[in-house]
Amino acid sequence: MVAVRKILPAAFICVVLAYLYAPIAVIVIFSFTTSPRLSMPIEGLTLAWYANAFANPLISTALRNSLVLAVISAVLAGTMGAAFAFWLVTIKRARVRATLLTASLMPAIVPLLVIGIALAVLFRGIGMQQGLLNAAIGHVLISLPFVVLTMNARLESFDFSVLEAARDLGATPSRAFRDITLPLIRPSVIGAAMLAAALSLDEFVVTWFNVGNQQTVPVLVWGLMRRGIDPSINAIATVLLSVLVCLVVASNIINRKKAK
Amino acid sequence: MTTAVEIIGVRKLFGATTALERVDFEVGAGEFVSLLGASGCGKSTLLRIIAGFESPSEGRVRIHGEDVTRLPPERRPTNLVFQRGALFPHMTVRENVGYGLKVKGWARTRIDARVEEMLALVRLEGFGDREPGQLSGGQAQRVALARALASEPQVLLLDEPLSALDLKLRQQMQLELRAIQKRLGATFVFVTHDQTEALVMSDRIAIMNNGRIVQHGTPREIYRRPNSVFVSNFIGATNLLRGTVDTRNGQASLQTGSGSYVIPATEMHLESGQRMVLSIRPEAVRLQGEGARVNGLVTEIIYQGNNVRVGTRLDPDTIFWAEGRDDEFDGIAVGDTVALGWAEDAATILEDDGT
Numbered sequence: 001m002v003a004v005r006k007i008l009p010a011a012f013i014c015v016v017l018a019y020l021y022a023p024i025a026v027i028v029i030f031s032f033t034t035s036p037r038l039s040m041p042i043e044g045l046t047l048a049w050y051a052n053a054f055a056n057p058l059i060s061t062a063l064r065n066s067l068v069l070a071v072i073s074a075v076l077a078g079t080m081g082a083a084f085a086f087w088l089v090t091i092k093r094a095r096v097r098a099t100l101l102t103a104s105l106m107p108a109i110v111p112l113l114v115i116g117i118a119l120a121v122l123f124r125g126i127g128m129q130q131g132l133l134n135a136a137i138g139h140v141l142i143s144l145p146f147v148v149l150t151m152n153a154r155l156e157s158f159d160f161s162v163l164e165a166a167r168d169l170g171a172t173p174s175r176a177f178r179d180i181t182l183p184l185i186r187p188s189v190i191g192a193a194m195l196a197a198a199l200s201l202d203e204f205v206v207t208w209f210n211v212g213n214q215q216t217v218p219v220l221v222w223g224l225m226r227r228g229i230d231p232s233i234n235a236i237a238t239v240l241l242s243v244l245v246c247l248v249v250a251s252n253i254i255n256r257k258k259a260k
Numbered sequence: 001m002t003t004a005v006e007i008i009g010v011r012k013l014f015g016a017t018t019a020l021e022r023v024d025f026e027v028g029a030g031e032f033v034s035l036l037g038a039s040g041c042g043k044s045t046l047l048r049i050i051a052g053f054e055s056p057s058e059g060r061v062r063i064h065g066e067d068v069t070r071l072p073p074e075r076r077p078t079n080l081v082f083q084r085g086a087l088f089p090h091m092t093v094r095e096n097v098g099y100g101l102k103v104k105g106w107a108r109t110r111i112d113a114r115v116e117e118m119l120a121l122v123r124l125e126g127f128g129d130r131e132p133g134q135l136s137g138g139q140a141q142r143v144a145l146a147r148a149l150a151s152e153p154q155v156l157l158l159d160e161p162l163s164a165l166d167l168k169l170r171q172q173m174q175l176e177l178r179a180i181q182k183r184l185g186a187t188f189v190f191v192t193h194d195q196t197e198a199l200v201m202s203d204r205i206a207i208m209n210n211g212r213i214v215q216h217g218t219p220r221e222i223y224r225r226p227n228s229v230f231v232s233n234f235i236g237a238t239n240l241l242r243g244t245v246d247t248r249n250g251q252a253s254l255q256t257g258s259g260s261y262v263i264p265a266t267e268m269h270l271e272s273g274q275r276m277v278l279s280i281r282p283e284a285v286r287l288q289g290e291g292a293r294v295n296g297l298v299t300e301i302i303y304q305g306n307n308v309r310v311g312t313r314l315d316p317d318t319i320f321w322a323e324g325r326d327d328e329f330d331g332i333a334v335g336d337t338v339a340l341g342w343a344e345d346a347a348t349i350l351e352d353d354g355t
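Taken in sequence, the protein lines are chains A and B.
Quick note: the first sequence uses the working numbering, first residue 1, plus one each step.
Quick note: the second sequence uses the working numbering, first residue 1, plus one each step.
The hints are simulated quantities; they were obtained by calculation from the structure and are not laboratory data.
Heads up, some of the hints might be wrong.
Unchecked claim - Have a look at the derived ranges for each label pair, beta carbon to beta carbon:
no.: 1; chain 1: B; residue 1: ALA113; chain 2: A; residue 2: ARG93; range: 42 to 50 Å
no.: 2; chain 1: B; residue 1: ARG275; chain 2: A; residue 2: ARG93; range: 57 to 65 Å
no.: 3; chain 1: A; residue 1: ILE253; chain 2: B; residue 2: ARG62; range: 46 to 54 Å
What the hints assert, rightly or not - Over the 10 Å line for every Cβ pair with chain B, so calculated as not near, a few chain A residues:
no.: 4; residue: ALA118
no.: 5; residue: ALA120
no.: 6; residue: VAL162
no.: 7; residue: GLY228
To be verified - Pairs of lysine to any residue, SDA-like flavour, derived with a Cα cap of 25 Å:
no.: 8; chain 1: B; residue 1: LYS102; chain 2: B; residue 2: ARG84
no.: 9; chain 1: B; residue 1: LYS104; chain 2: A; residue 2: PHE177
no.: 10; chain 1: B; residue 1: LYS182; chain 2: B; residue 2: ALA113
no.: 11; chain 1: B; residue 1: LYS104; chain 2: A; residue 2: LYS92
no.: 12; chain 1: B; residue 1: LYS102; chain 2: A; residue 2: SER174
no.: 13; chain 1: A; residue 1: LYS92; chain 2: B; residue 2: SER57
no.: 14; chain 1: A; residue 1: LYS92; chain 2: B; residue 2: THR69
no.: 15; chain 1: A; residue 1: LYS92; chain 2: B; residue 2: SER55
no.: 16; chain 1: A; residue 1: LYS92; chain 2: B; residue 2: ARG11
no.: 17; chain 1: B; residue 1: LYS102; chain 2: A; residue 2: LYS92
All residues carry an ideal CB built from backbone N, CA and C; glycine is no exception.
Assemble the whole structure, with the sequences as input and the hints as a guide.
Here it is, written out as structure tokens:
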């Protein structure tokens, strides 16, 4: 009985983890196998699908577009979110601060479908052609709340007395910002920007409604999937996965360093 | 003595709450003045008004004659040592200490020389390349002090800089701070809630309560001649006997539940029937002493090493404390009835302000 009671939770945890990771493992493994179909046992290993994927001009264009969107999201959402969070924490009245924070986070729980359609309708209304620019505006919008959230968490522990100390020692507000604030919050801003890039890279719904006939990696993959599963898709997905994992891990490391 | 800081009719409101009620106060050049009070009494607000981080709702602040009321902190000849140091975590100790000089545009070599001088002053030679994260609490506060002193402020402001340190270190830093202040001949305005700290360090203490300076004077004046029940309670321990004045037989006395006590000579005008309080320091109370005045039942004996404190019950509501050397209370036990006395002029008569 005792043994069962001990084994049961362990087994349950293993099952849940397997459930979480099995699909990912499958796609990574099959991006390296020779067989074009998903079948066991594995016959041989190859990098052909990667070569295939990168040789496809559609895929390389999509990859470039995705990277452009990711960079735009990182830079714009990163700076806007950081500035917003920074001014937010300087608000003295706690209730006003909490209300503004909640207001800035709300879009994160609005369904992407709603945001996507709303943006499409809006852009149409003001006569903006669908395209990368529209998608970029959408990407910045959906990553902004997450940037504000992570920046806010970091800044809550920011010791504002160091800014007062700088002023006290003769620095003007702008000098204090340059010498003290910026170096201190830079790692958090970079971490938050990487998160924004990660969110942008795999964004599909908002992109699909606004990008028009341009391609990003998720939109392209979705298109390819409709014609059956090509193992190149496994390769693209694995590339996307590794980029995202790198971004998230780097973002965490940077943020943790700051926390010390 | 010239005046370093003048606070003229300063009031400060935060929304509907009043942090300071019309404070008028002066600090002389070269003086070590402590602003002493419990948290929320307005002492830190007053300090921040002098530093320029808060602007007064009314009134003026002058430093060495110059009106600085509207000047931002970076243009005031004051520097502040913050409660928790507020060292720049991304700079070395040397960069921290030299920051104010760098901002002022000093040449590199001159900054370096000055920084070394400051580090020597706070006895941290060789710590220049450390990061603030590698310093102990006491070292960090010394760096903060060196940083604030580096640009030779006309007035140094200190906002409870020792409160985060443990007792031994705090006591040592108190003496060091005092020595540095004397050596430089600088004006220090020191905020603290610790009455011992204020007594040990200050030339003058200003006691604050509810946004007012309720009494100021030398530590001795404040301790010996508190002007209110609040001050006598706040500075040191004291015994308070409450009662009504009786002046009928020439000598004023205070009638209390536990007996009648002689009121020492006072400038106050006393009338029979007035509610007053007699304050007697425990260390002024002697066993059997000359003309024992009260009898009390010993309820507590607290051994403190150098001293012994004895608590006696005079009546159901009054515990009366005596404090003295160990040998003075030899042979006394809880449950004994003892006679206690004090020199008449060791008592202070105060108005009963209900505190």
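Consistency of the hints with the structure:
1. Distance hint check for ALA113(B) and ARG93(A): the Cβ-Cβ separation is about 47 Å, which falls inside the suggested range of 42 to 50 Å.
2. Between ARG275(B) and ARG93(A), the C-beta spacing of about 43 Å breaks the proposed range 57 to 65 Å.
3. ILE253(A) and ARG62(B) have their C-beta atoms about 52 Å apart, which keeps the hinted 46 to 54 Å range intact.
4. Non-interface call for ALA118(A) relative to chain B: holds, since the shortest CB-CB distance, roughly 40 Å, exceeds 10 Å.
5. Against chain B, the non-interface label of ALA120(A) holds: every CB pair exceeds 10 Å, the least being about 45 Å.
6. Taking the minimum C-beta to C-beta distance to chain B, about 5 Å, the non-interface status of VAL162(A) is violated against the 10 Å cut.
7. Against chain B, the non-interface label of GLY228(A) holds: every CB pair exceeds 10 Å, the least being about 55 Å.
8. Restraint check for LYS102(B) and ARG84(B): satisfied, since their Cα atoms lie roughly 23 Å apart, inside the 25 Å limit.
9. Among the hinted pairs, LYS104(B) with PHE177(A) is consistent with the structure: their alpha-carbon atoms are about 16 Å apart, no more than 25 Å.
10. In summary, the hint linking LYS182(B) to ALA113(B) is supported, as the alpha carbons are separated by about 22 Å, within the 25 Å threshold.
11. Among the hinted pairs, LYS104(B) with LYS92(A) is inconsistent with the structure: their alpha-carbon atoms are about 31 Å apart, more than 25 Å.
12. Proximity of LYS102(B) to SER174(A) is assessed by CA-CA distance (about 15 Å); at most 25 Å being required, the pair is judged to hold.
13. Proposed proximity of LYS92(A) and SER57(B) is supported: the alpha carbons are some 18 Å apart, at most 25 Å.
14. Of the pairs offered as hints, the one joining LYS92(A) and THR69(B) holds, with about 23 Å between alpha carbons and a cut-off of 25 Å not exceeded.
15. As the CA atoms of LYS92(A) and SER55(B) are separated by approximately 16 Å, the hinted pair is consistent with the 25 Å bound.
16. A hinted pair counts as satisfied when its Cα atoms are at most 25 Å apart, and LYS92(A) with ARG11(B) qualifies at roughly 21 Å.
17. Taking the CA atoms of LYS102(B) and LYS92(A), the gap is about 31 Å. The hint is violated against a cut of 25 Å.
In terms of the numbered hints stated before, the structure departs from hints 2, 6, 11, 17, listed from lowest to highest.
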